[in-house]
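Student: Each chain, written out:
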Amino acid sequence: MRSIGVWCWSLALLSLDLMLGGCSGGHPHTIAVVPQTTAQEIWEAEHAGVAKALLGTRWKERWNGPSSETEVDRQIALVQQAIRQRDGGLILAPDHPLALTTAVRRAAEQGMPVVVVDATLNLPPSLDVDYLLNDEQQTGELAADRIGAILHGRGTVAVLGETPALMGTVARAEAFRQTMAARFPGITVLDPLPGRFRTNLAEQDTEELLASHPQLNAIFTLTVGATRGVYRGLKLKQRIQQVHLVACDQDLDLVYYLRLGEIDSLVAENTFAMGYQATRLITEHRVGGKVRAPGRVLRFAPRLVTRDNVDTPEIQKMLNMDWRPTE
Amino acid sequence: MSDSSRRSWWIAALAALALLAGTVAAWRWFATARPFYRDDFAQNRADEWHAVGGAWRLAAGAMHNDSDERGAKMLTGSYRWRDYRLQADVQLLGEGGDAGVVLRSKDEEPGVDAYDGYYVGVRMYDSTLLIGRSDHGWLEATPVRLPGLRSHVWYHLDVVAVGCSIAARVSELGSTNEARLFFQEPNCVRSGRIGLRSLATGAAWRNVQVKPAKEADLVALAGPAPTVLHPDFPKSEAAFNASHSFPTFDDLALQRRFFGDQEPQTEITPIASVPERVRGREAQLVTVRGTVSLTSPMLFVQDDTGGIALPDPIAPALNLGDEVEATGTPSALRDAIGAGAMLPHARVRLLWDHTPAAPLSITAGQAATGNYDARLIELQGELTGVHQETGSKMLVLELASGAQAFRAFIPAGQSAAFYRRMLPRSLLNLRGVCTLERRYTEGVTSFALLLRSSEDIDRLAGPPWWTPSRLAEIGSAILLLCLLVQYLYSRAKQWRWRAIVQERERLAHELHDTLAQSFAGVAFQLQGIRNGLEHADSAGIARVNQQIELACDVVRQTHEEASLSIAMLREEWPAGKELGSALEDCAASIVAGGNVRVVRKGRGDGRGAPAHIPVRVADALFHIGREAIVNSVRHANPTQIVLSVEYEMKHVTLAVADEGRGFNPKQQTRGFGLRGMEKRARSIGATLTITSEAGKGTRVEANAPLEEHMSTRGFWGTLRSRLRQRMAWSRNGRGGRAQRAQEAAVRRNRSRAVDTLRPSR
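Protein chains in written order, with the working numbering: chain A, 3 to 329; chain B, 99 to 859.
Only chain B is shown next, with the shape it has when bound in the complex (with noise of 0.2 Å):
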């Protein structure tokens, strides 16, 4: 294959993957700005969710949030998402704080209320749908009332956006119990993402969908809702109160809703003071107060002294930060080593839903001690392996640090993701709830970690670039690497080895043609006056003269063929400068001196300054002008030559022409200058014409291809004409169709014309 077809090839691959690239980018480009989702949670697969704050985890068909973090959320979907419907069902797990949904959201971030969207949830302590725009802080529109709102049950959130307008509608799933409401808002978010948000409560959602929505959409779900809402507080604290209610505990079932109907039975303990009620000491009831730290796989309580651990508790759902109040008799943990103690089968009541507590960091050896049991903390490890615990839903972290061993245990079914992320060696950011048992240490272990979700994990580094198996695959790759560089270099180095052969054997043809054969007639000359010499009389002498004579011519053309030969190989097309000039120019050094005069014609320009034509073109053309203007001066003995060069829109034409011996085109051999001619006419796809006729002169046309310019069709014309020549290059290559059509042109050619170059001898 030529260079010129294996670039086209190249070329057309590139094309051929920058055009599927394209194809990929706009499907993708397409296919993100139709809104369409539908949850996998029941098969436990929520990869596409990106959680932001929060402790998320999938649970029985549904995502649950356990925290009574204030904001938090999870997004999927495109920004690109313009007018929707979304639906899903949605549970509030805490007696206090709302959950719902978050449609059109950008910019995300951590914080109550960081994000710029829309949000349509249910509020528990007023018992309301509510809708408001969050843009880094909240505005609300009056709530609907939605009587009878309680926890753990579920309800139907179905929410519609077009244009700047939102109706939604909420309904208890297995009743009538609805509430409508039809939002507005005048400079308002287009389009963005779905999310799923609680503040200060844990929620679960299920059922979740997506698809396009159209004003009928809009309208229909609007219904009878009653009047149309717009963000209008908190602006001031006095409309805002005006119109919105908060508990006043004044309620009796409302109390006991919150805490329970029970007084403590015995005054709170400290709970770091618990272990000392156990040791040598009757069982006695105590009672403790803290934030929930953590709910499954145990309830694990911790105040500012110290934490607790709740197995088997008498409790309603709790959520991660609710403050509680926990009576029971301590007993010491279970099978382990040390001073802890828990709280088994204690009643809890709740106190209030908070912001769930920071953990401590320590080191692992800190929580080796002991010291930190039942506590949140903070700790990093390195992962040395993950597996899933025998008989239990828990994934078990293999961890290590230091000269600490540990293990951290998650619930099972986490997305692929998270799998993915779990890599052997990575180095791990954990929190969780430090225990000390022996049920999750097994005895191999000082300590274990407890972990509240997936969230609790940031892989802080993944495994170090430097095993075996990558430094292998580095290696490899290297090694490729220097056989490709060293194949390129002996490639370049071949070419250019086959330039200097070519040049060489240029050289070698010119020498031939000229001195050598110019050096044997001189040979021959001198030969013929000594042989004259011998017989020496004034005939003789006469026509030794004669022979000196001719030496001496011979001699003389010698030296200007010499001179010319290297004029050839010194002389380049002078760039920037017209095609025509510099060939009149060219011509003018070379017959200096002489009696041949050069005659420039057709300056004709149809496309407008002749410098648009391309270096590559001017420069084939100049050297196939040169090349016959040299030859016309070396063997035509013409006393004029004519140039011209005519420019058209698609071709330019050059034409050297002299009215000198001529010659007989059936008697002439192919000599060097034509072939080099033909060449250089074939790498611009011109075509090259050689008329003459003994005694009526020589002319040499040459009729190459224009590109048209860059300018008058844009980046894309010139790239398609580019593609379309190359094709054409490759298909006029060695063997190709019209390389044979064009070389049987110019035989035709030669059967009237020959080269005008020195034939061979």
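The following block holds chain A by itself, in its conformation from the complex (with noise of 0.2 Å):
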């Protein structure tokens, strides 16, 4: 009867261990990874780097995000999800410079390592939080030197994509006019379109810009979207040719359209580095014993990537998209 007695116990006292284990213990080795979305390849870089440097770590990725850049709530339930699993950390691409703001930073008041990466919030960097940001202005200055080259110092060109609430495409664009006016005086850039960045503006844009200004010469496109919206509308309108588009951000059809010579150039952010960097600052973050140094920022340059270069081990090592590394 003893014996059973024991035996009882040890199960009741074993349930709950194993109970309060699975609610205090969390996943303190997983690092939830939310790109602004997962449609796009130019955050399956992103995805890479992390597993790159997860490589032969105890530590391990959930990577998730948003199916689309819009989905601002999808993006905030998934940062509320790592803070209810008490994850080891999270490497976050905001969607919304002010929207993640409380989430991020109720993240950070309970001890979780955050690193925010390509565009920034509306919380200054800490102790627990790190901003890993694409350098814009020289985004902008890349763009502007390119479109110069291409146009000799003369024409015009047009700015599409820039919207208030992603704060990266105004720093992209104010870059690019600076650039412009201090180093191409002869280009004349258009003024700017507000608050259209989807594709099927982008698209609408371009077909009264082509109407309104026929004599067009280049288009600077800043994000993914109102490239593919641009270009649509170039071929439509069959200016390909005949308007050179430069864009910013890579993705895998716009590669594609780039080796075909219908993009000129696009101008690349390095988020295969960023997840790879932002990864090393959360493991050495939960390093015992270190002393951490208080919050950083640091701005990863971007790459124009032409046809001529696209090849090469540099360029390819940025569109890196393997997120299953063997070595």
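To be clear, the hints were calculated from the coordinates, so they are not data collected in a lab.
Small disclaimer: the values here were computed from a predicted structure and weren't measured.
Using N, Cα and C, we set each Cβ at its ideal position, and we do this for glycine too.
Check the hints yourself; a few may be wrong.
Claimed, not checked - Computed far set for chain A versus chain B, every beta-carbon distance over 10 Å:
| id | residue |
| --- | --- |
| 1 | Pro-30 |
| 2 | Thr-32 |
| 3 | Ile-85 |
| 4 | Arg-107 |
| 5 | His-154 |
| 6 | Gly-157 |
| 7 | Gln-180 |
| 8 | Pro-187 |
| 9 | Val-191 |
| 10 | Leu-192 |
| 11 | His-215 |
| 12 | Arg-309 |
| 13 | Glu-316 |
Claimed, not checked - Cut-off 35 Å, straight-line C-alpha distance, at most; resulting in silico cross-link-like pairs (DSBU-like, lysine-lysine):
| id | chain 1 | residue 1 | chain 2 | residue 2 |
| --- | --- | --- | --- | --- |
| 14 | B | Lys-591 | B | Lys-675 |
| 15 | B | Lys-312 | B | Lys-333 |
| 16 | B | Lys-675 | B | Lys-794 |
| 17 | B | Lys-333 | A | Lys-237 |
| 18 | B | Lys-777 | B | Lys-748 |
| 19 | B | Lys-312 | B | Lys-204 |
| 20 | B | Lys-204 | A | Lys-319 |
| 21 | B | Lys-748 | B | Lys-675 |
| 22 | A | Lys-62 | B | Lys-204 |
| 23 | B | Lys-699 | B | Lys-794 |
| 24 | A | Lys-319 | B | Lys-333 |
| 25 | B | Lys-333 | A | Lys-62 |
| 26 | B | Lys-699 | B | Lys-748 |
| 27 | B | Lys-777 | B | Lys-591 |
| 28 | B | Lys-748 | B | Lys-794 |
| 29 | B | Lys-309 | B | Lys-204 |
| 30 | B | Lys-794 | B | Lys-777 |
| 31 | A | Lys-54 | B | Lys-333 |
| 32 | B | Lys-204 | A | Lys-54 |
With the hints as a guide, dock the two chains, each given alone in a separate frame, to form the complex.
Tutor: As structure tokens, this is what we get:
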């Protein structure tokens, strides 16, 4: 009888232990990685960077994001899920600079190291929040230099895809305009069309631009969606060979069009390096006894991708999407 | 029914319940391990499916997803399904994207590739049969061309997954056009659910079947598949773009398919400006562009400025999220108050497949202003009723929120699970297109919501628990509980009183048998002394002295008996002490100061440590032994008492013997002490034998069965033994055959021996 009692108590204690363990343990060696969207390959490169950094460690990543960069609520839900599950860290490419602020602040308050990549948030860097950003100034400059070069310093250029909700697009456009004004004064930059970054609107803008400015020589697009819309508009108006298209950010179809010569160049973000570095920051953050540096803001240089350099190892490494690396 | 038999019945009932539950669990375990499924879509049933994203509905015997959402999926089956064959007809409802089936799926979440498993489907833009591995990321094999892939045509997908190999075939129904592939992955997912999935297009599925598959099925289906494919792409951009292609819109036919063959006839008008074109002017043609927010019962489109209804459009098949351009003559809303407009008979052309727009979260009060007419909105309301609209296939939810009442319309034919969730007074979160049309408001509400599917309803909270019926139920339950507690309390009290009465009865017997009779003896002696003193002479004085001596003996004896009785009331078996030693110590304390010698024999322990004897058995034997020792000291006038405790594998035997005066069993009646020993022996299933003969001493022997120790046979063995023992006790209970047999044995023994307690006088 006494033995049965001991058995029962042991089982009860084991169950309690498991229950408490399940509730309180969380996933201390899991990093939640939330891209702007999982529908674009630019973020698969970030995924590959994270996977590469985790190779050979006991850490693992949980990768998921919205099916569109407009689904801010879904992104917030994923951040809250990471908090709820007590993940060991969070890597977030925010879709909105304001809407994600509270969720990220709560994660940091719980001691979860957060690395914000690509775009900034309305939250200062701190012990638990680092920023790994694309260098938007350099992006604008690279595009301006490229368009200035192919237009030989003369012509008309439009900027599409600028929206105040995406602070990166504003910074890119501003850098582009400043560089143009400084280095290529013979090129006219048309007034921006605010808030028009979606594919259909960008296509509509392209058609209107082509109608109102038949002399248009180049278009600089600030987002993948805007690039797709402009590409379609130029194709349908059969102006793809006359109007040079220089675009920000990379995606498989855009690089495909670049290889065909229909897109002149892409200013590619190094999301692979951002994912890799973000992962290292979090895993090092969790190493016991190590004194944490205060919150950092690191900027990653973009690269201009053209038909001439797209197959170079350096560019291909940036475009790497292997999220199951073996070495 | 005795307590022990009642306990036995409880244990038996619990064991039967546990057995039943175990059987059901085992049956479910084996049943869910066998992959088997055939859909009931034709019967409008899909309760077993679980949607993750998308806008799903049943129509015309098929499951439809009307959304362009990337990675919308619906799942069913068991995570334990391993090798199986999945067949389904699939139809693309858009001009882009892909649709197909999911195999061996686990860990599903909303998101494009948010599951762990495999996907096999047909893709429109490169006209291929594709397969790949998803693990919250996507790795695709080289797709296989399926020439002439078109939307709105049924294709039959046949997929076999065995081990780490997957074979697939897609064929156009009614045609010989087909494609096959054979796929392998070294570290594969070996089991999981099935699912329907589409990416960036609407789609329909029907005739979904699953059955077990073997290697031969795999080989037969792979047939002439060209090569073995592996999950290779996209790893590097260069490799992917070397083997894949994207639409370049150079093909005029393709352009027409995507965009129609008409240029906009007018400049693009923001949708919010369309009502202005209606007021005070001649009807004029307008063109709007926007995203499809609803396709049924009416087409709705919205842009960043507002939304508009497009009744009776001239349009291709459209999905939620499609970006379209519509040209038509606007008109005011039918029978509606306000400044709304619609675009009837508009010519609509598809521009692009896109992700459905997110709804605006507003309150019912805001929706009632009319400023959100034809917009996709999200709001909360309390359900007041559900009914089917007369003469239509729409289900109407009546809702209220604050001071506003509104209606929500959803296609009828929802699953039974949906109706179960829709309880009056539930708090719902709804997403749908707001409309002011009188056809839907019927003039009794300020606006109505047109929902896309049942996925547009989230039940935030069920009906409040404090309904009158619920309160009555809770009150009844509390009353029953109180009655039960009262009953148990009264029973406990009864049991306590019974124990007290029994103890008092025993004490009364004890006092009667010892002190009362002794005092009677003393009184008799004192009476004799008084009589003797009246006729005192030398002989009389001597007799008086003798009588005084006798009286002193009786008082001394009575004092000893009283001390023994008190000792018996106080003493308990010292737990943890070996039974024989405990009895030896007890006997030593009883005979202390006297001439009786206590001898211990038979220390043998055939099973090892005697501490393994159950406490309950040891306690009963201790009390039997102590009673026997006391009786011997009191009545038998022995010089020696022999104690022995023999441990065997299956039983323990206690014997207390003396060489005192003994007694003739036939001349003795049964006393309280014998009844106590019998009762204790019965409680542990022991046999009690008392042997005595006048002048030849007495021997009391109790033989008790031992339970096997738990460690030697495990938990279940112990449980089984206990159950057997409980059942035996039940049989041995009052009126039981074994008990009667035992009583007969005791009676037989009593013909040779009787209780050595003082007989009633």
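Student: Next, verify each hint and record whether it holds.
Tutor: Hint check results:
Residue-level check passed: A:Pro-30 sits 19 Å from the nearest beta carbon of chain B, beyond 10 Å. With a minimum CB-CB distance of about 12 Å to chain B, A:Thr-32 clears the 10 Å threshold, and the non-interface call stands. Every CB of chain B is more than 10 Å from the CB of A:Ile-85 (nearest about 16 Å), matching its label as outside the interface. Non-interface call for A:Arg-107 relative to chain B: holds, since the shortest CB-CB distance, roughly 22 Å, exceeds 10 Å.
The non-interface label for A:His-154 is consistent with chain B: the shortest C-beta to C-beta separation is roughly 28 Å, beyond 10 Å. With a closest Cβ-Cβ approach of about 25 Å to chain B, A:Gly-157 is found to remain outside the 10 Å limit, as its non-interface label requires. No beta-carbon of chain B is positioned within 10 Å of the beta-carbon of A:Gln-180; the least distance is around 29 Å. Consistency note on A:Pro-187: stated as away from chain B, and its beta-carbon is indeed over 10 Å from all of that chain's, at 34 Å minimum.
No beta-carbon of chain B comes within 10 Å of the beta-carbon of A:Val-191; the shortest separation is about 24 Å. Look at A:Leu-192: its CB is around 19 Å from the nearest CB on chain B, clear of 10 Å, so calling it non-interface holds up. Residue placement check: A:His-215 keeps its beta carbon more than 10 Å from all beta carbons of chain B (closest about 16 Å). Chain B leaves A:Arg-309 outside its interface by the beta-carbon criterion, the shortest separation being 12 Å against a cut-off of 10 Å.
With a minimum CB-CB distance of about 13 Å to chain B, A:Glu-316 clears the 10 Å threshold, and the non-interface call stands. Only pairs whose Cα atoms come within 35 Å are accepted, and B:Lys-591 paired with B:Lys-675 is accepted, the gap being roughly 33 Å. For the suggested pair B:Lys-312 and B:Lys-333, the alpha carbons sit about 32 Å apart, so the restraint of at most 35 Å is met. A threshold of 35 Å between alpha carbons decides the hint, and for B:Lys-675 with B:Lys-794 the separation of about 32 Å falls inside it, so the pair holds.
Taken as a hint, the B:Lys-333 and A:Lys-237 pair is honoured in the structure, with Cα atoms around 29 Å apart against an allowance of 35 Å. Using a Cα cut-off of 35 Å, the hinted pair B:Lys-777 and B:Lys-748 holds, with the two alpha carbons roughly 21 Å apart. A hinted pair counts as satisfied when its Cα atoms are at most 35 Å apart, and B:Lys-312 with B:Lys-204 qualifies at roughly 22 Å. Proposed proximity of B:Lys-204 and A:Lys-319 is supported: the alpha carbons are some 31 Å apart, at most 35 Å.
Restraint check: the Cα-Cα separation between B:Lys-748 and B:Lys-675 comes to about 20 Å, which is no more than 35 Å; the hinted pair holds. A C-alpha spacing of about 17 Å is found between A:Lys-62 and B:Lys-204, which places the hinted pair at or below 35 Å, so the restraint holds. Under the criterion of a C-alpha separation no larger than 35 Å, the hint pairing B:Lys-699 with B:Lys-794 is consistent with the structure, at around 20 Å. Of the supplied pair hints, the one linking A:Lys-319 and B:Lys-333 holds, its CA atoms being roughly 10 Å apart against a limit of 35 Å.
Pair hint B:Lys-333 plus A:Lys-62 holds up; C-alpha atoms about 19 Å apart against a cutoff of 35 Å. Restraint check: the Cα-Cα separation between B:Lys-699 and B:Lys-748 comes to about 20 Å, which is no more than 35 Å; the hinted pair holds. For the hint linking B:Lys-777 to B:Lys-591, the alpha-carbon distance of about 23 Å falls within 35 Å, and the restraint holds. For the hint pairing B:Lys-748 with B:Lys-794, the CA-to-CA distance comes to about 31 Å; that is within 35 Å, so the pair holds.
Only pairs whose Cα atoms come within 35 Å are accepted, and B:Lys-309 paired with B:Lys-204 is accepted, the gap being roughly 19 Å. Taking the CA atoms of B:Lys-794 and B:Lys-777, the gap is about 27 Å. The hint holds against a cut of 35 Å. Of the pairs offered as hints, the one joining A:Lys-54 and B:Lys-333 holds, with about 12 Å between alpha carbons and a cut-off of 35 Å not exceeded. Of the pairs offered as hints, the one joining B:Lys-204 and A:Lys-54 holds, with about 24 Å between alpha carbons and a cut-off of 35 Å not exceeded.
Violated hints for the displayed structure: none, as all numbered hints are satisfied.
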